[in-house]
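**Q** Since chain H is already given, all that's left is putting chain C on it; use the hints.
Residue numbers (the numbering used here), protein chains in the order written: chain H, 1 to 249; chain C, 250 to 562.
No wet-lab data here; the hints were simulated from the structure. We put the beta carbon where it would ideally sit given N, CA and C, even for glycine. Treat the hints with care, as some may be off.
Distance windows between CB atoms, simulated [unchecked claim]:
no., chain 1, residue 1, chain 2, residue 2, range
1, H, 18, C, 545, 32 to 38 Å
2, H, 149, C, 432, 48 to 54 Å
3, C, 280, H, 185, 51 to 57 Å
4, C, 466, H, 195, 56 to 62 Å
5, C, 429, H, 24, 42 to 48 Å
6, C, 466, H, 145, 47 to 53 Å
Straight-line distance between alpha carbons at most 30 Å, and here's what the computed DSS-like set of lysine-lysine pairs gives [as the list claims (entries may be wrong)]:
no., chain 1, residue 1, chain 2, residue 2
7, H, 216, C, 261
8, H, 233, C, 443
9, H, 219, C, 521
10, H, 195, H, 50
11, C, 425, H, 154
12, C, 559, H, 241
13, H, 243, C, 559
14, H, 241, C, 354
15, H, 16, C, 528
16, H, 87, C, 354
17, C, 425, H, 16
18, H, 241, C, 443
19, C, 548, C, 528
20, H, 197, H, 54
21, H, 216, H, 32
22, H, 216, C, 365
23, C, 354, H, 169
24, C, 443, H, 243
25, C, 528, H, 225
26, H, 16, C, 548
27, H, 154, H, 54
28, H, 233, C, 433
29, H, 231, C, 559
30, H, 243, C, 548
31, H, 219, C, 433
32, C, 521, H, 20
33, H, 243, C, 463
34, H, 231, C, 354
35, C, 354, H, 2
36, C, 354, H, 216
37, H, 87, H, 193
38, C, 354, H, 225
39, H, 241, C, 463
40, C, 467, H, 233
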Amino acid sequence: MKVLVPVKRVIDYNVKVRVKADGSGVDLANVKMSMNPFDEISVEEAIRLKEKGKASEIVAVSIGPQQASETIRTALAMGADRGILVKTDAEVEPLAVAKILKAICDTEQPGLVIAGKQAIDDDSNQTGQMLAALLGWPQATFAHTLELGDGHAKVEREIDGGLQTVEIKLPAIVTTDLRLNEPRYASLPNIMKAKKKPIDEKSPADYGVDVAPRLKVLKVTEPAKRSAGIKVKTAAELVDKLKEAGALP
Amino acid sequence: MTSLVIAEHDNKTLKDATAKTVTAAQQVSAPVHVLVAGSGCAGVAEQAARIAGVERVLVADDPAYAKLVAESMEALILSLAGSYDAILAPATTNGKNYMPRVAAKLDVPQISEILKVVSPDTFERPIYAGNAIQTVQAPSGKKVVTVRITGFKAAGEGGPATIEKASAAADPGISKFVGEELSKSERPELTSAKIVISGGRGMQSGDNFHLLEKIADKLHAAVGASRAAVDAGFVPNDYQVGQTGKVVAPELYIAVGISGAIQHLAGMKDSKVIAAVNKDEEAPIFQVADFGLVADLFKALPEMDEELTKLGY
Chain H
1 MKVLVPVKRV IDYNVKVRVK ADGSGVDLAN VKMSMNPFDE ISVEEAIRLK
51 EKGKASEIVA VSIGPQQASE TIRTALAMGA DRGILVKTDA EVEPLAVAKI
101 LKAICDTEQP GLVIAGKQAI DDDSNQTGQM LAALLGWPQA TFAHTLELGD
151 GHAKVEREID GGLQTVEIKL PAIVTTDLRL NEPRYASLPN IMKAKKKPID
201 EKSPADYGVD VAPRLKVLKV TEPAKRSAGI KVKTAAELVD KLKEAGALP
Chain C
250 MTSLVIAEHD NKTLKDATAK TVTAAQQVSA PVHVLVAGSG CAGVAEQAAR
300 IAGVERVLVA DDPAYAKLVA ESMEALILSL AGSYDAILAP ATTNGKNYMP
350 RVAAKLDVPQ ISEILKVVSP DTFERPIYAG NAIQTVQAPS GKKVVTVRIT
400 GFKAAGEGGP ATIEKASAAA DPGISKFVGE ELSKSERPEL TSAKIVISGG
450 RGMQSGDNFH LLEKIADKLH AAVGASRAAV DAGFVPNDYQ VGQTGKVVAP
500 ELYIAVGISG AIQHLAGMKD SKVIAAVNKD EEAPIFQVAD FGLVADLFKA
550 LPEMDEELTK LGY
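Here chain H stands alone, though its shape is the one from the complex (with noise of 0.2 Å):
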C-alpha cells in the first residue's frame, strides 16, 4: 500500500514571531524554516508502517516555493522514497491545498494519506478533514495510535474528554496529533542518500487547481501585551491578594 504524506514548510517551532511594522503579515526574512512538527510525526508514522511491511511506498508531497523542495528532502532522510514539489509563490488556502492534494491522490491512488493535523503557521486544522471530504474517504483526526487492519483502520483520537476509538475504511485520512510518535533524526547517510531520490516538479496549474486567496487578509497585528504584575513574599500572601482582587468565589 502507498502513503502519502503532505509536508509543509513554516516558521521553525523555537522561532519566536515577529509581526511587521506594517501589519502586512509576520516577517520571514532571515528566519529559520522547518518542517512542520506535526507533519514531522506523519512521516514518522508511514516510516515505521513500511518498517512494519504494512506500506509499499512513501510519497511526499509539499506545496509552496522552491525552498519546499528541502522540506521534502528532509522527509526523503528520514525514510520517505520520493517527493513532489507542486511550485508555488502564492499563499496557498487550505482548501486550495485540498484540491491540489486530491488531485495527485486520484492518479497517486494511495491506501492512506497521513497528515499533520495543523500547520503552526496558520493554525488552521482544515486541509485533512477538507481532502477526505473531497475524495469522499473517511478521516480519523487528532491521532494517538494507529493501527493497519484488512481494509481498514483502528485509531485512537484525542478528544476533548479524553480518547475516542474510531474504525475507518481505506482508502482513509489520518491527522496527526503529538503523542502518535517521536520522530527521528535522519542519520547522516540517509541524508546523503536522499540527495539521490527523485522529486517530481509540477505547478498547480497542471492540477487545474486556482490557488488565488478566497480570504482576504486585512491585517495582522500583535496581541495584547500582558504586563507583569507582583511579587508577594508568602502563600497566604498569594491567597489573601486573590481575595482582594476578587479572583476567588
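**A** Below, chain C without anything else, positioned relative to chain H:
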C-alpha cells in the same frame, strides 16, 4: 439572513460552548437556528431552545449522530446548509473534525477559531499559536466558521424557541465509532471552569497532583497541566493547556511549577487573573502573572490550602 449553530453536547447536557457560539452567530447573521444532532437528545434540544436569541432548534435524533462522527455530520449539515448564510460550530475537537468537510463540499474557505466578529464578514483569529492576530474578510457566499469559545460570552436565557425535527441524512457508512475512554472527574471541565489550577514539570510526579486537587476542590476549579507534565506521564493528555492542547480563559489561572514556555502561554494568557508559583524567579511565567510567588511549591501549596481553610473555603 439566518445562521445555523451546531450544538455541542453529550446527548444529555448541552455544553456551554453552544451558547457562546450563538453569541458569535448573532453578530454574523441573525436570526439563529441551532442544530442538535445526537441520539436520544430531546432533552438537549429543550436546553438549546432556552438560549436567548435562538429562533428555532432542529433536532436530528438518530443513532448515527450519537458521537457526532465527522462523515455523518457532514452529510447532515450539507442536507440543511441550503437555507443558511452562515454555519458556525464551536472549535472543539468535534467542530474541528466535521466543519472543514462541510466547507470543502460547499467550496468555501473555512474561517477557523475566530476570537471576534469585527463585522458580519470580517473576523479576528489567532495565528502562530496566538503570537499574532489575523483580521480576515470572507468572500460573499456562505460562511463556515469555527468559534474559539474563550472569545465569546455565553448568550443568556430566553425563548423558548420552537423545536422541529430534522430528518437524518443518508449515512455514508465509511466510519464507525468503536469506543471512548473519558477522564472521569467531578471537577468542572477545563474549558468552561471559572478557575483553573495547573501543574508543570515542577510537580515531579503524578501523585503530587493531589496537592493541586485539594485546592481545586476548595475553589471548584478544574485541574490542568503543561505539556511537559503530560509528556512526563504525570497526567493524561486531556489535561494539557497550551498551543496543542486546550485553550482556556478562566477568571483565575493558577500556574504551579510551570516555567511558562510560549506554547503554554498560548493556551492561558487570556485568563483574567494569572497567579504563578515557581521556585525559579527568572521563569517566563512571571512576565505574564498578576501575582507571582517565588517559592518551593511543595511548601507553598499546603500553605495556600491552609490559608484557604482559614478564609472558610
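**Q** It remains to establish, for every hint, whether it holds in the given structure.
**A** Tested hints:
no., hint, in the structure
1, H:18 with C:545: 32 to 38 Å, "holds (36 Å)"
2, H:149 with C:432: 48 to 54 Å, "violated (27 Å)"
3, C:280 with H:185: 51 to 57 Å, "holds (55 Å)"
4, C:466 with H:195: 56 to 62 Å, "holds (59 Å)"
5, C:429 with H:24: 42 to 48 Å, "holds (44 Å)"
6, C:466 with H:145: 47 to 53 Å, "violated (32 Å)"
7, H:216 with C:261, "violated (40 Å)"
8, H:233 with C:443, "holds (25 Å)"
9, H:219 with C:521, "holds (26 Å)"
10, H:195 with H:50, "holds (20 Å)"
11, C:425 with H:154, "holds (10 Å)"
12, C:559 with H:241, "holds (14 Å)"
13, H:243 with C:559, "holds (12 Å)"
14, H:241 with C:354, "violated (53 Å)"
15, H:16 with C:528, "holds (25 Å)"
16, H:87 with C:354, "holds (25 Å)"
17, C:425 with H:16, "violated (41 Å)"
18, H:241 with C:443, "holds (17 Å)"
19, C:548 with C:528, "holds (11 Å)"
20, H:197 with H:54, "holds (21 Å)"
21, H:216 with H:32, "holds (26 Å)"
22, H:216 with C:365, "holds (16 Å)"
23, C:354 with H:169, "holds (20 Å)"
24, C:443 with H:243, "holds (14 Å)"
25, C:528 with H:225, "holds (24 Å)"
26, H:16 with C:548, "violated (34 Å)"
27, H:154 with H:54, "holds (14 Å)"
28, H:233 with C:433, "violated (36 Å)"
29, H:231 with C:559, "holds (22 Å)"
30, H:243 with C:548, "holds (20 Å)"
31, H:219 with C:433, "violated (43 Å)"
32, C:521 with H:20, "holds (28 Å)"
33, H:243 with C:463, "holds (18 Å)"
34, H:231 with C:354, "violated (53 Å)"
35, C:354 with H:2, "holds (26 Å)"
36, C:354 with H:216, "holds (21 Å)"
37, H:87 with H:193, "holds (23 Å)"
38, C:354 with H:225, "violated (39 Å)"
39, H:241 with C:463, "holds (20 Å)"
40, C:467 with H:233, "holds (22 Å)"
Checked against the numbered hints given earlier, this structure breaks hints 2, 6, 7, 14, 17, 26, 28, 31, 34 and 38; the rest are met.
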